[in-house]
Amino acid sequence: MIKLKLLIVLLLSVGISCAQKAKTIDTNEVLIGIDSLIVKKHLYTLASDEMEGRKAGTPGIEKAAQYIESEFERIGLDKFQDLKTYRQSFEEKELNLFNIIGVLEGKSKKDEYVLVSAHYDHLGVKENGSGDVIYNGADDDASGVAAVLALAEYFKNRNSNERTIIFVTFTAEEMGVVGSTYFGKQIEPDNFVAGINIEMIGKESKFGPKTAWLTGFERSDFGTIIQKNLINTGYTLHPDPYKAYQLFYRSDNAAMAKLGIPAHTFSTGPIDNDPHYHKVSDEATTLSVSTITETIKAIARGTESIISGEDTPTRIED
13 MIKLKLLIVL LLSVGISCAQ KAKTIDTNEV LIGIDSLIVK KHLYTLASDE
63 MEGRKAGTPG IEKAAQYIES EFERIGLDKF QDLKTYRQSF EEKELNLFNI
113 IGVLEGKSKK DEYVLVSAHY DHLGVKENGS GDVIYNGADD DASGVAAVLA
163 LAEYFKNRNS NERTIIFVTF TAEEMGVVGS TYFGKQIEPD NFVAGINIEM
213 IGKESKFGPK TAWLTGFERS DFGTIIQKNL INTGYTLHPD PYKAYQLFYR
263 SDNAAMAKLG IPAHTFSTGP IDNDPHYHKV SDEATTLSVS TITETIKAIA
313 RGTESIISGE DTPTRIED
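330 is the number that the working numbering gives the last residue of the sequence shown; the numbers go up by one with no jumps.
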């Protein structure tokens with residue numbers, strides 16, 4: 013009888029040990045695809061002088077588009093709708109424009125979509141002047157595009173998304189959310205349960221290390237869902253502290269929100285006193301790769317229950 017009890021205790025101990033090991037592996041899984049070296053590669057490539065400021069309709073944005081396409085291909089994303097490539101091409105403002113879109117099909121809820129987005133265009137090159145004339149747009153918004161690419165790789169590796177995730181890098185945001193507005197006309201809004209937009213996450217927020225803020229926090233319960241999921245992670249999300257700047261309407265989430273989609277923008281940017289905003293000095297060297305990486309991890313953790321289908325944010329009413 014004593015030997016039997018010892019055997020039971022031993023088996024229980026082994027079981028607990030294995031469970032703890034499995035839990036540790038699961039916790040670390042969030043790191044797969046969200047690595048500071050990969051994030052830095054995306055950031056420095058997209059914000060390099062070679063991209064010539066990524067202005068919509070220029071050779072520079074073509075180079076950026078090719079890089080994003082190559083990453084979507086490497087990661088293994090599917091094409092959107094009936095597109096033959098990752099490009100959603102259209103004409104606007106007498107320019108040939110294109111959003112870059114990749115899809116990770118869901119499992120049990122594949123007809124419910126979650127949008128993960130950032131804009132990959134910026135301001136281009138100064139028409140005159142000397143010295144540095146390239147608007148590299150490192151924080152605005154190479155940092156956000158780096159996040160989209162890292163999240164695409166993370167969720168592809170995780171392979172557990174019940175809902176379909178659509179990863180989009182929008183064009184011509186700087187011209188008035190042109191790319192996202194076009195995208196919105198090609199979709200059925202009711203099929204989209206959330207929009208996760210990411211912009212300017214390269215600097216520590218005013219709330220301190222491992223914090224970000226969310227535009228339009230009060231317009232749906234999207235933000236409170238994220239806050240719930242971030243409990244005990246060491247990272248916190250706050251409402252937008254810059255209400256006077258009307259930032260909810262100044263990024264690509266606005267085009268989705270107008271359709272009723274609970275679409276919000278994650279940011280860490282100190283927009284009220286950022287000396288590099290829309291300046292040629294917005295270089296990758298001015299940013300913290302660690303801040304970007306930690307914020308991407310927080311977005312991955314924070315949106316997990318939405319991706320899994322456990323939580324569905326309330327719709328936005330204009």
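Because the hints were derived from the structure by calculation, they are not lab data. It is possible that part of the hints are untrue.
Claimed, not checked - What follows is a list of derived Cβ distance ranges for each label pair:
{"id": "1", "residue 1": "94", "residue 2": "201", "range": "15 to 25 Å"}
{"id": "2", "residue 1": "137", "residue 2": "200", "range": "13 to 23 Å"}
{"id": "3", "residue 1": "329", "residue 2": "240", "range": "18 to 28 Å"}
{"id": "4", "residue 1": "198", "residue 2": "329", "range": "14 to 24 Å"}
{"id": "5", "residue 1": "327", "residue 2": "255", "range": "20 to 30 Å"}
Said to hold, decoys possible - Straight line, CA to CA, 25 Å or less: simulated PhoX-like cross-link-like pairs of lysine-lysine:
{"id": "6", "residue 1": "222", "residue 2": "240"}
{"id": "7", "residue 1": "197", "residue 2": "255"}
{"id": "8", "residue 1": "255", "residue 2": "270"}
Each residue gets a CB set at the ideal place from its N, CA and C atoms; glycine is no exception.
Checked hints:
Distance hint check: the CB atoms of residue 94 and residue 201 are about 19 Å apart, consistent with the given range 15 to 25 Å. Between residue 137 and residue 200 the Cβ separation comes to about 39 Å, which falls outside the hinted range of 13 to 23 Å. The beta-carbon spacing between residue 329 and residue 240, approximately 22 Å, falls within the hinted interval of 18 to 28 Å. Checked against the given bound of 14 to 24 Å, the beta carbons of residue 198 and residue 329, roughly 23 Å apart, stay inside it.
Take residue 327 and residue 255: their Cβ atoms lie about 22 Å apart, and the range 20 to 30 Å holds. At roughly 16 Å between alpha-carbon atoms, residue 222 and residue 240 fall within 25 Å of each other, so this suggested pair holds. Pair hint residue 197 plus residue 255 does not hold up; C-alpha atoms about 28 Å apart against a cutoff of 25 Å. Only pairs whose Cα atoms come within 25 Å are accepted, and residue 255 paired with residue 270 is accepted, the gap being roughly 18 Å.
Violated hints, listed in ascending order, are 2 and 7; each of the other numbered hints is respected by the structure.
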